[in-house]
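From first to last, the protein sequence lines are chains A and B.
Under my numbering, the final residue of the first sequence carries the number 327; numbering is consecutive throughout.
Under my numbering, the final residue of the second sequence carries the number 724; numbering is consecutive throughout.
These are computed hints drawn from the structure, not numbers from a lab.
Do not take every clue at face value.
Simulated restraints on C-beta separations [to be verified]:
(1) B:Val590 x A:Gln244: 47 to 57 Å
(2) B:Ser276 x A:Glu225: 41 to 51 Å
(3) B:His151 x A:Glu225: 49 to 59 Å
(4) A:Glu225 x B:Glu229: 56 to 66 Å
(5) B:His151 x A:Thr277: 34 to 44 Å
(6) B:Asn669 x A:Gly166: 29 to 39 Å
(7) A:Ser259 x B:Thr676: 53 to 63 Å
(8) A:Tyr327 x B:Val590: 46 to 56 Å
(9) B:Val590 x A:Lys246: 33 to 43 Å
(10) B:Glu708 x A:Leu267: 54 to 64 Å
(11) B:Thr196 x A:Pro269: 28 to 38 Å
(12) A:Glu225 x B:Ala100: 36 to 46 Å
(13) B:Thr676 x A:Arg294: 52 to 62 Å
Far from chain B by the CB rule (all over 12 Å, computed), these chain A residues [as the list claims (entries may be wrong)]:
(14) Val49
(15) Leu104
(16) Glu140
(17) Glu280
(18) His320
Per the computed footprint, the stretches of chain B lying under chain A, defined by three or more beta-carbons under 8 Å from a beta-carbon of chain A, are [said to hold, decoys possible]:
(19) 233 to 241
(20) 592 to 602
A quick note: this is a predicted structure, and the numbers were derived from the prediction, not measured.
For glycine and all other residues, C-beta sits at the position ideal for the given N, C-alpha and C.
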Amino acid sequence: MKLDSTQRTWLFISIAIFVACLAIYVPYALTAPKGPTGGSALGLAFGIVGFAFMLFAAALGARKRVPTWRLGRAQAWMRGHLWLGFLALPLILFHGGFHFGGTLTRVLMWLLIITVVSGVFGAALQNYLPKIMTNDVPLETIYDEIGHVRRLLREEADRAMESLCGPLGFKYTSDVAGQRAGGFTAMRALTATTVALRTSAAVSAGASVATAVAAAPEIILLNEEQSAPLRRFYLAELRPYLEQPKRSSRLSEAGRAKSSFAAVRTLAPASAHATITDLEEICEEARQLSLQERMHRWLHGWLLVHIPLSLALILLGAVHAVMALRY
Amino acid sequence: MAASTTPPGMVDITIDGAAVRVPAGTTVFDAARMNGVTIPTLCHLQNETPVGVCRLCLVDTGARVLAASCVRPVEPGMKVVTNSEKVLSARKTLLELLMADHPAPCARQTNSHDCELETLAQAAGITEPRFAKRTVARGQDDSSLSIAVDHDACILCDRCIRGCDEVRTNFVLGRMGKGYSAGIAFDLNSPMGDSTCVSCGECMVSCPTGALTNKSVTGTAIAEGPGAEGFEAEELLKFPVFKGVSGTFLELNRGAIVKRRFRKGELICKEGDFGSTAFYILEGRARVSISTPIAHVKTQGGSKGLFKRLTSTLVGREEDTRAEEAGDKTIPIDAAVDLSYGNPVAELGPGDLFGEMTCMNFYPRSATVRAESDVVAYEMLRNVLDIMMKNKTFKAQIDETYRRRALENHLRGVPMFADLAPDFIEHLKETVELQRFAPGQAIARQGDVADSFYLVRIGFVKISENYPGGELVLAYLSRGDYFGEIGLLGGGVRTANCTALDHVEVVRIPGEDFRQMVERFPTVRRGLELVAEERRFANQQRLEMIQGVPIDQFLSQGLMEAQSLLVLDLQNCTRCDACVNACADAHDGVTRLVRDGLRFDHYLVATSCRQCRDPLCMVGCPVGSIRRRNSLEVIIEDWCIGCGLCARNCPYGNINLHPFEVMAEDPENPGRKKATIKQKATSCDLCTHLKEPSCVYACPHDAAHRVEPRQFFQEVIHQGWKIK
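Isolated chain A, as found in the complex (with noise of 0.2 Å):
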């Protein structure tokens, strides 16, 4: 979630509940004659209203799984999360007086304080990666798409080459019109460029938005001498790095990557040059996928600690209270 000035009004009740409480904790700290603890009253007060808001922040989990039931917006929720969670951690300190106790508690504590770093850590990346996937990634798609989208790319090179060099023997799952099946990605791309949607002369003549996207490449077949740089490049570089982008590759970054097409459009024939850009296309779309991938994962991944540490927190959080009440 975007951490704006929309936040204003969270961050005011935070900051007041945090001074208020800190108002209550200071003198009680200075005056309680054994020092703050948690079995006092104040102490098991502030346990209480921690435990209480990491439960709401908890419970977040449990609504998102029910998203059509009208209890508050999914956003108020979010808000309530970040701000209620984050206060926990010094109603908790507050709560042990800043003591870690024993075994169950220390490792409490520490749960706790992972789970609200690692929430800190999730928030801020929410805050800053939208933003740079959305200006770096132009050619994003649905991230379960991935795969298939850099298939049929991979698959449109290898048409593309072998319109230049004649069969190099490679298999294709699809047919030429499901090619660039980013869709609505490449249809970006279209209309960027002024180029007209699918208009309804291209519907009545059955063009699908597919066949209006990718163009088929011009055949032109160069002889192997003159095929021969490129076939290098294409099966040494270009289709590796299709099928499994890696990040050691020269083609996963912009810059090197322009200078290898730059290369191989040097010993090339001319004639060649239209469908060595289609590639250079190609190769920057994959590129992107692969920023998108690695984005994703940084966006998601945290949750992978925060929540199973979350859980755990609450269910050791509630046999630390049954313990603490009865004995």
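Since chain A is already given, all that's left is putting chain B on it; use the hints.
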């Protein structure tokens, strides 16, 4: 006949000694034809502009030289002789010259013995021309898949060129070269197969010789299916409906038409299936029906209880009447009859044609047809049906069937015509004209004189208005819709362009009949005026809306037309898909939202109906069940058959198919029912059953918004931001 008694605008002449009176401007050829005198010709066809290049129709008008009758207009007192020795001798010489330049027998003569040139030559007793044969061959062109070109057999009559340019307005064919090497050419003398030729076949049908012949269509799927029977062209020609069809054409298209026998209860075609053929019933009766439930998708539950599960169900209009739902009592289908809303079943019999839209426009089948008794039918491909429709006998029969069985329902299907008196309907049955238009052909142009009212019978008509910088599509009209009333009721001038999007057939009601109708039936007039006013107002609003938006990108993405857009702020969106999950949760697990689409600035305009300026989804619906409300919102009527064409046509992926399990008749066990999956098209319903769209409600990151685009993007529009 004394000249003094000739009425104004008429001309008196004599042809072969017989006095005749014809309208001024008539050609001698037409004057003779109208009075039963046949003049041979090769370059002239009734539906093409005469050019007088073959000169075979020459006649003696008493002038210094003989005249080509096809281009010579009559003059008062003209004495025309068509069969004098001088004329016959000149005609024979011309035939000899043409035959010297023609390989006899040509392909057409070999196949079906009806090369017009060779037939005329034989009649004139020409066996061996006196003149030397051509020494340099002009060659053959075998590049087209459907038409064979033999330039050597071409007599340069230009019938193919006029057919291509005037009749079909394709402008592919033209003349190339000069003198001895002159010939016809496709585009800039490209091989036919590489040219922009659309293989409509008009040139081949127009050609009098074997220069352009249809390649034999064999081995097609329709010729090999079950119940298919082979037959000879001669057998077909015995049927009255084939009278006048070229024997060569039928011979060469044996694979494109097949006689098929269906046993009682056998399925002939199924609704929603794609096909490319039409059926013409020869014997027996067939039952045409729609098996998809006549109902729409309704999502219920959310507003009644906090935790109540949302469910989507199928409900009919009697259980759930929606705003501006069509109150139609009939469902238009691709046959000579309409189906009733309450009981969508009808019967077809001998002489009925069905599947015309599927055949001509490749739309999905609009209904299921099953043999009620043993049925014999011709199944034909588009090229055959097209030629059949040009056959006057067949066309007249189809038109007559339509007038007799469907016109009344069709007229009464328009709510405001429901009150027309039976006698007036009978009058209309006699006076209306059925007109056909090819894809892209203009039916009416903005600014033309309004002289007719049109009812769409088959196909889709695009209504558009010219505006600076382009064309604004106002509406797409399909079967049952009408147009032309604004011009007739207003200033007598067409206010919009009406263009055929595909193969269109309209019922044309002449202006005079329209005027009679509105004078005699004031309720009809009031209804039409109301609709005309609403249309005028809506058109004006759309035009103003577009003129106020300066950004091309905003226009080209169709955003200015939308009343409610779902936009995702990509700078806030964490791609968590909570919106998609919420949508699926709200619609029985079938999401109507895909988190993809076009970008405008840093917003993703996600899938959800946006009431496009050019609503392509409506083009092609075989039963006309998708249309716009007056508010421009899309509504899918109850008789959607779930074929999915609208979903495929929508460029933004905003239409989905929702599967439902229903009990349907089991074809293998007549009388019993079994559970089957039927689909219904659905588009975003804005979760109208809830207070806020689920996608927006469930977005935890304040990224999803339902917005009024012009207001939401106001800043972008007025500052003219550069779109990323």
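Taking 36 to 46 Å as the hint, is the beta-carbon distance of A:Glu225 and B:Ala100 inside that range?
Violated, since A:Glu225 and B:Ala100 (Cβ atoms, about 54 Å apart) do not stay within the stated range.
Per the hint of 33 to 43 Å, is the separation of the Cβ atoms of B:Val590 and A:Lys246 within bounds?
holds (39 Å)
Does the hinted range 47 to 57 Å hold for B:Val590 and A:Gln244 at CB?
violated (34 Å)
Would A:Glu140 pass as off the interface with chain B, using Cβ distances and a cut of 12 Å?
violated (8 Å)
Within 41 to 51 Å or not, the Cβ separation of B:Ser276 and A:Glu225?
Since B:Ser276 and A:Glu225 have Cβ atoms about 47 Å apart, the given range 41 to 51 Å holds.
Indicate whether the distance between the beta carbons of B:His151 and A:Glu225 respects the range 49 to 59 Å.
Since the Cβ atoms of B:His151 and A:Glu225 sit about 41 Å apart, the hinted range of 49 to 59 Å is violated.
Beyond 12 Å on every Cβ pair: is that true for A:Leu104 relative to chain B?
Holds: least Cβ distance 32 Å, greater than 12 Å.
Is 29 to 39 Å respected by the C-beta to C-beta distance linking B:Asn669 and A:Gly166?
violated (57 Å)
Status of A:Val49, Cβ more than 12 Å from any chain B Cβ
Holds, since 24 Å exceeds 12 Å.
Non-interface label on A:His320, tested against every C-beta of chain B at 12 Å:
Fine: 29 Å to the nearest Cβ keeps A:His320 off the interface.
Verify this label for me: A:Glu280 is non-interface relative to chain B, using a Cβ-Cβ cutoff of 12 Å.
holds (21 Å)
Looking only at beta-carbon atoms, does the pair B:Glu708, A:Leu267 fall within the given range of 54 to 64 Å?
holds (55 Å)
Checked against the numbered hints given earlier, the structure breaks hints 1, 3, 6, 12, 13, 16, 19 and satisfies all the rest.
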